[in-house]
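Put chain G on the given structure of chain V with help from the hints.
Protein chains: 2
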Amino acid sequence: MSYVFVNVNKIRNFSIEMFCHHGLSLEDSETVTDVLLTADLFGIESHGVQRLIRYHNSLTKGQVVTKPNIEIVKETPVSATIDANQCLGHISGTYAMNLAIRKAKETGIGMVAVRNSSHFGIAGYYTSMALPHHMIGIATTNTEQIGVPTFGRRPMIGTNPLAFAMYADPYPFWFDAATTVVTHGKMEVYEKAGKKLPSEWAIDAQGKEESDPSEVRRRIRSREMGGILPLGGFGKVHGGHKGYGLSLISEICCSILSGGPTCIHMADGSGEEHTSHFFAAIDYGMFGDASKMEESLSEYLQEIRDSEKAIGCDRIYTPGEQAWISKEEKLMHGIPLQEATVQEIINIAQSLGLTFVP
Amino acid sequence: MSYVFVNVNKIRNFSIEMFCHHGLSLEDSETVTDVLLTADLFGIESHGVQRLIRYHNSLTKGQVVTKPNIEIVKETPVSATIDANQCLGHISGTYAMNLAIRKAKETGIGMVAVRNSSHFGIAGYYTSMALPHHMIGIATTNTEQIGVPTFGRRPMIGTNPLAFAMYADPYPFWFDAATTVVTHGKMEVYEKAGKKLPSEWAIDAQGKEESDPSEVRRRIRSREMGGILPLGGFGKVHGGHKGYGLSLISEICCSILSGGPTCIHMADGSGEEHTSHFFAAIDYGMFGDASKMEESLSEYLQEIRDSEKAIGCDRIYTPGEQAWISKEEKLMHGIPLQEATVQEIINIAQSLGLTFVP
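Note that the protein sequences, when read in sequence, are chains V and G.
Just so you know, we're using the working numbering here: the first sequence kicks off at 722 and counts up by one.
Just so you know, we're using the working numbering here: the second sequence kicks off at 722 and counts up by one.
Chain V extracted, bound-state conformation (with noise of 0.2 Å):
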């Protein structure tokens, strides 16, 4: 695969004329772009602008609300429940995120529900946007069915990541990780590379191990038998059964508490997504000196990225510290995107009569 290099402001710019093109608001066009672009930043390139193909090709079948109606059918000062109605998963998590940060700058902390969303990108889109405010974020979504509980051999639990962050200098601490031992992107990866599975990441039919990423894909895409293990892998030895656990949490923060439905239900058959999300901002500062807890954090990380290596490994890095490094990388030098991502854009803009020179 063959990289191109992109001006960050570049692709920003035809994004969001591209989400307007389809009748997206301004502003909605931004939230949703910065939320794609954030992930090319922070590295993660699976959920970045390499998707704008697919959002082009949902809005032009009329498949996405463009006119987002987001309903609060339940609130308290601390809290509130979030009806989506089938909005992009980026604008109800922002809007999700910012209320609850309001919330929590007038009680200390804040938890939105959300329900009948859809896919939001990265959860630690939402997490960071608490930093500024000397806020930790919270956030995590279910997911369609693709990961096994232990012992198990049928689809139940999602990837259902859980974020994490809190202020540091100079990296915060930012966490975002699937609750299964990777997620169904990374079986992509393995699959385009011809490279077989490692150990304790995917079950076949009968539970046993499979190695061959485009068979795991093969039965998740047909609902059949088999599915990607938990975080630990097979069985308790390692402790595949926290995984289950920690996805069955985030499970329970998102779709129990919202009134959606769990991950084996989101499908109903009528083509709509169903997924739920859970936010949550908490201002530290009402434990006590917020400036003094972010230097102990900030001391903690440093003393630990200082602490001895592995032989043969030559830096330990904290959550969150790779991220921030692309982020400073890319907006200097650019996104790097697979050349076929780049053809898909000029195709998209020619197509709406848009211009896009990477």
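Please note that a few of the clues may not be correct.
The list cannot tell twin chains apart, which means a pair is met if one copy fits it or any two copies do.
[What the hints assert, rightly or not] Straight-line alpha carbon distances no greater than 30 Å define the calculated DSSO-like cross-link-like pairs of lysine-lysine that follow:
1. Lys1051 x Lys913
2. Lys917 x Lys907
3. Lys957 x Lys917
4. Lys1051 x Lys957
5. Lys782 x Lys907
6. Lys1048 x Lys957
7. Lys1030 x Lys929
8. Lys795 x Lys826
9. Lys795 x Lys1013
In case anyone wonders, no lab produced these hints; they're calculated from the structure.
Below, chain G alone, put in the same frame as chain V:
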């Protein structure tokens, strides 16, 4: 090892008597006993009454604060920060979780961070306190550093368990797991059994695989390099960076928010522990109809239990199921204690002029 089944009330009564004899109030003696016994009932022997001898020895030497002076150092309607002034963690933990629950009754959410505490037993004891109130319970604690960060070889993180519980029928959702692949207790079990450790549990001083549990324990005791790996194992292939990040999330909620020392600075040479904990109670009725949520969760957990088993596996458990089944059995048939533990308890009784007949 040979086990004896001992009636729950016999141990309960003796344990309360022992703590009272050492100068704890009846209420505090009951609290500590309840936390220890709950671990045994849930089948977590390592955290149960086999620890009585440790408390008896520390109390005899005057190393335990018997009249706790728990201090609320900062408070809002949704939060509190507590200085436990070195009391037994079971007492400050129960106090803090009760406070979180009281706050959640008023506002919907209560979060309590505790510093200067000590080992509080199983985190899942405190989350189970939220269940009768139809609240989600969350609890976590930092521990001494015995885990290594991804790509590191010096212990810099704790086993820091995460616990989360919500009511469901017939078993609650009850998750309580170390963020390292296994706990220190598991090393003891393998050492006693003379067994080699499975792959990706621990590393030696160089950062390479270590399969000798005695060697891991010796290194931890003498504060040498090497230690237990995070959930997900070595490096990033199986998600070791995820377990490492989850351990840090616990550390942030515990020591960073409460103003206590991080795990690597807990042992200050004074012999005192400086453990930090974090507790939260969430009244989920604020998001919608609590009964419906409990029904949805119960249904989802049942669907998972009923789903197809991997070949060679005859049952899928949901988190908490085994603990609740264990509790029912042990309330009927007694708690299995090693003969050595029973003898220790008899010896304690004799030394205090009390009686214990198993």
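How do Lys1051 and Lys913 come out at 30 Å by Cα distance, when the copy is not named: within, between, both, or neither? within (25 Å within a copy, 53 Å between copies)
Please work out whether the CA atoms of Lys795 and Lys826 approach to 30 Å or closer within one copy, between two copies, in both situations, or in neither? For Lys795 and Lys826, both the intra-copy (19 Å) and inter-copy (17 Å) Cα distances are at most 30 Å.
Identical-chain pair category, Lys782 with Lys907, by Cα at 30 Å: within (28 Å within a copy, 56 Å between copies)
If the cut is 30 Å between Cα atoms, do Lys795 and Lys1013 qualify within a copy, between copies, both or neither? between (36 Å within a copy, 15 Å between copies)
Identical-chain pair category, Lys957 with Lys917, by Cα at 30 Å: For Lys957 and Lys917, the Cα distance is within 30 Å both inside one copy (23 Å) and across copies (17 Å).
Given a CA cutoff of 30 Å, do Lys917 and Lys907 count as a within-copy pair, a between-copy pair, both, or neither? Classified as within: same-chain Cα gap 12 Å, cross-chain 32 Å, threshold 30 Å.
With identical chains treated as interchangeable, where does the CA-CA distance between Lys1048 and Lys957 reach 30 Å or less: within a copy, between copies, both, or neither? between (37 Å within a copy, 21 Å between copies)
With identical chains treated as interchangeable, where does the CA-CA distance between Lys1051 and Lys957 reach 30 Å or less: within a copy, between copies, both, or neither? For Lys1051 and Lys957, the Cα distance is within 30 Å only across copies (23 Å; inside one copy 40 Å).
Given a CA cutoff of 30 Å, do Lys1030 and Lys929 count as a within-copy pair, a between-copy pair, both, or neither? Classified as between; 11 Å across copies, 35 Å inside a copy.
In summary, the structure agrees with every hint in the numbered list given earlier.
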